[in-house]
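K.L.:
Sequence:
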Amino acid sequence: MRNVAKRSAYVLSALFAFFSFGASAADAPKDAAVAGAPLERAPDTMKARVMGCAACHGAHGEGTDNDYFPRLSGKPAGYLYNQLLAFRDGRRKYPPMNYLLAYLPDAYLKQMADYFAGERPPFPPPAPVTVDAKTLDLGKTLVTKGDAARNIPACVSCHGTSMTGMEPAIPGLLGLHADYLSAQLGAWRYGTRSTVAPDCMGQVAKLLSERDITAIAAYLASLPAPANPVPVAAGSFKMPLACGSVHN
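Throughout the sequence shown, residue numbering follows mature numbering (1 follows the signal peptide of the UniProt record, and there is no 0), covering -25 to -1, 1 to 223 in sequence.
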């Protein structure tokens, strides 16, 4: 219940910030004119425009201590853009995000993605391990080696050996809460999250058991960020699966 309450508070803060910024910008000239003061406009910068995002994702997109609001900063702009499109167009379902993005044009979403991709706040320390040693070891195996017998590729084969992602659209998986990672893998597994076909993550997630998902999430959440936690250049390695969103 505590997490639900915290999540609701963050969402309400985001909605308030998103709409109050627009309202204050619109009202400022009228109020100033009444007072006889020079007209002033709110600063028209991306930092100001994404104030609504900051309430949930942090001022620089660094994420928060809430399990369900992920780090955005430093991820490839193509990935962030794809996710904004997915929320707007209904391929990802989270009502506050769907609502906030419903009428934003592609060009504006691209600007938002570029802004957060360029932010580089420090990573948080790794989360304490909350699973047993066998589960953590299973997670390490699936992340670093996969399971050939079940046609499950290693996470590193797409997200990179340092798990920092690859340009233009493969995300890093560091600095995320285990509960968030579990929720996203579960969403792909059950089809409530999808992307442009071929949906490579949907294919992989459907091969995972619930224990696999718990193990992968716990292991990834336990990893520290490398010294240079930036996505590798496009084409740095060949991915084992075709992914439609990579080519958007």
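Rather than coming from a laboratory, the hints here were simulated on the basis of the structure.
Treat the hints with care, since some could be wrong.
[Unchecked claim] Below are the SDA-like pairs computed for lysine to any residue, each with C-alpha atoms no more than 25 Å apart in a straight line: (1) Lys115 x Ala158; (2) Lys109 x Ser157; (3) Lys181 x Asp112; (4) Lys68 x Asp81; (5) Lys213 x Cys130; (6) Lys181 x Asn203; (7) Lys22 x Leu76; (8) Lys85 x Ala102; (9) Lys115 x Leu182; (10) Lys109 x Gly33; (11) Lys115 x Met214; (12) Lys181 x Asp64; (13) Lys120 x Arg186; (14) Lys85 x Thr167; (15) Lys22 x Arg63; (16) Lys109 x Ile127; (17) Lys213 x Pro128; (18) Lys181 x Val205; (19) Lys213 x Ala129; (20) Lys85 x Tyr165; (21) Lys22 x Tyr78; (22) Lys109 x Asp42; (23) Lys68 x Lys213; (24) Lys85 x Asp107; (25) Lys68 x Asp112; (26) Lys109 x Val131; (27) Lys181 x Ser132; (28) Lys85 x Arg66; (29) Lys109 x Arg95; (30) Lys120 x Asp107; (31) Lys22 x Tyr74; (32) Lys85 x Ser169; (33) Lys22 x Thr39; (34) Lys115 x Glu94.
K.L.:
Can you list which hints this structure breaks, lowest number first?
P.N.:
6, 8, 10, 18, 20, 23, 24, 25, 29 and 34
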